[in-house]
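Chemist: In case you want the letters, here they are:
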Amino acid sequence: MPTYTFPGRYDSLEQIAAVVRQAAQDAGLDSQAVYAVETAVDEACSNIIEHAYGAEGLGDIECTLELDEKGLIIILLDHGQPFDPTHVKKPNPKRPLAERETGGWGLYIMQQWMDEVSFHFEDGANILIMHKHRRETK
Amino acid sequence: MEIVHTPFKHCDVVKVQGRIDSATAPKFAEALNAITEEGRYRIVLDLSELVFISSAGLRVLIGVQKTCKRYNRGELVLAAVPANIKSTLELAGFNILFKFFDTVLAAVGNF
Chain Y
48 MPTYTFPGRY DSLEQIAAVV RQAAQDAGLD SQAVYAVETA VDEACSNIIE HAYGAEGLGD
108 IECTLELDEK GLIIILLDHG QPFDPTHVKK PNPKRPLAER ETGGWGLYIM QQWMDEVSFH
168 FEDGANILIM HKHRRETK
Chain C
22 MEIVHTPFKH CDVVKVQGRI DSATAPKFAE ALNAITEEGR YRIVLDLSEL VFISSAGLRV
82 LIGVQKTCKR YNRGELVLAA VPANIKSTLE LAGFNILFKF FDTVLAAVGN F
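Note that the protein sequences, when read in sequence, are chains Y and C.
Number 57 in the numbering used here belongs to position 10 of the first sequence; there are no gaps in the numbering.
Number 101 in the numbering used here belongs to position 80 of the second sequence; there are no gaps in the numbering.
Pairs of lysine to any residue residues, derived as SDA-like cross-links and limited to a Cα-Cα distance of at most 20 Å, are as follows: (1) Y/LYS136 with C/ARG80; (2) C/LYS107 with Y/GLN79; (3) C/LYS107 with C/VAL72; (4) C/LYS107 with Y/ARG142; (5) C/LYS48 with Y/ASP58; (6) C/LYS90 with C/GLY130; (7) Y/LYS137 with C/ILE117; (8) Y/LYS141 with C/LYS120; (9) Y/LYS137 with C/LEU112; (10) C/LYS87 with Y/PRO143; (11) C/LYS87 with Y/ARG147; (12) Y/LYS141 with C/GLU96; (13) Y/LYS141 with C/ASN116; (14) C/LYS30 with C/LYS90; (15) Y/LYS136 with C/LEU112; (16) Y/LYS117 with Y/SER165; (17) C/LYS107 with Y/ASP77; (18) C/LYS120 with C/SER69; (19) C/LYS87 with Y/GLY151; (20) Y/LYS141 with C/LYS87; (21) Y/LYS137 with C/GLY114; (22) C/LYS107 with Y/ARG147; (23) C/LYS87 with Y/LEU144; (24) C/LYS120 with Y/LEU144; (25) C/LYS48 with Y/SER93; (26) Y/LYS141 with C/PHE119; (27) C/LYS90 with Y/ARG142.
Rather than coming from a laboratory, the hints here were simulated on the basis of the structure.
Okay, chain C solo, but in the shape it has when bound (with noise of 0.2 Å):
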């Protein structure tokens, strides 16, 4: 799993590329987690090479929304879901917790 964070003027790119499992979700959750510890809310989460994501994985994504979204100062957006990944992401009630964007062009034009 290989993750490249670009920051922007208002809100963070981070695209994830590879798997997200139980081995690769603690070193994704450090990732976001050193975002939001900077005071940074407002996240681009570019998933257009994601391979794989499991429950370890939508544990992060859902600590990390939590996060984002208390005191209304952000949140997580996914950008560019590939069809294998929103299937689990929908399996697991995401589409009501999480906005979806086709592009990361959208996802960023959102905040």
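Isolated chain Y (complex conformation) (with noise of 0.2 Å):
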């Protein structure tokens, strides 16, 4: 189970969306989904230098990959702030424009496209932990 280390800089997010595609097919899974985990992990790497870290190049994104018999576990870890997401308001798609909430989208396509996320803070660090199922396991 490969672990990669990154920088935390927005420019290390189109590395790390290529070696989450390659994990992502590597377990199975159809396009649709690879590009649903690839989403999902920018969404959470930005994040984390966003909120967790506060800006760029202030820490580390270390990320795991692991196949298991329903597909693929994505282990992201850093040492920034505790992330604590019942704190964010879940933004409402149906609203017009101009009441349309400018945060939290994020963790909302996170949590709509990926079938297990949870959010742990242990030892000084967040371990973010999430699951893509392959379509057949549903």
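Hints given; two lone chains; assemble the complex.
Modeler: In structure tokens form, the structure reads like this:
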């Protein structure tokens, strides 16, 4: 189960995407699911940089990828500020333009598109675990 | 990410190739803002060669749409949207905020 360490900078996102796309394909996910995983991980990593660290270049993102019998598990670890997802208001996609919320969309996409999303804070690290299942196991 | 801007008489076509993510969203915003700052508010976004968009890109689109639609002076429309991109836009409720066209030609014809 490989663990990659990426600098917490936005220019890491493209590399992270390539690694995650490959793992998702190896897990037997279909192309829609691969894109969903790529997007969810991008959103999570962008949030780590913006919110956990507060800016680029302040810490690393550790990404562990595992295959299990259902599909792909992605574990992201950072050493930034503890994140509590219950503090993020869920945005409403049905709102008209003027009332549309600016924030919360990254988390929203992750929770809609991944089968399991859980946040943990242990020993000074945020640990985000996401699962994406192959369609046949549903 | 590459951006190609083609101005027409009645609207501007902006073609975006590659990825719109937190790294490239500022450059994307700059390109669109350069058009609206010229007082031009009818924009066709050609997404045929866009391979990825994150919520950072969605934020830019919302901001530009708000600017374009103010005082009913124009709007930003989306053309030739690939299936993956469309899935993100639909998840975020963009189908009620933007017009979608299958081709750039049809989108330009909208204006």
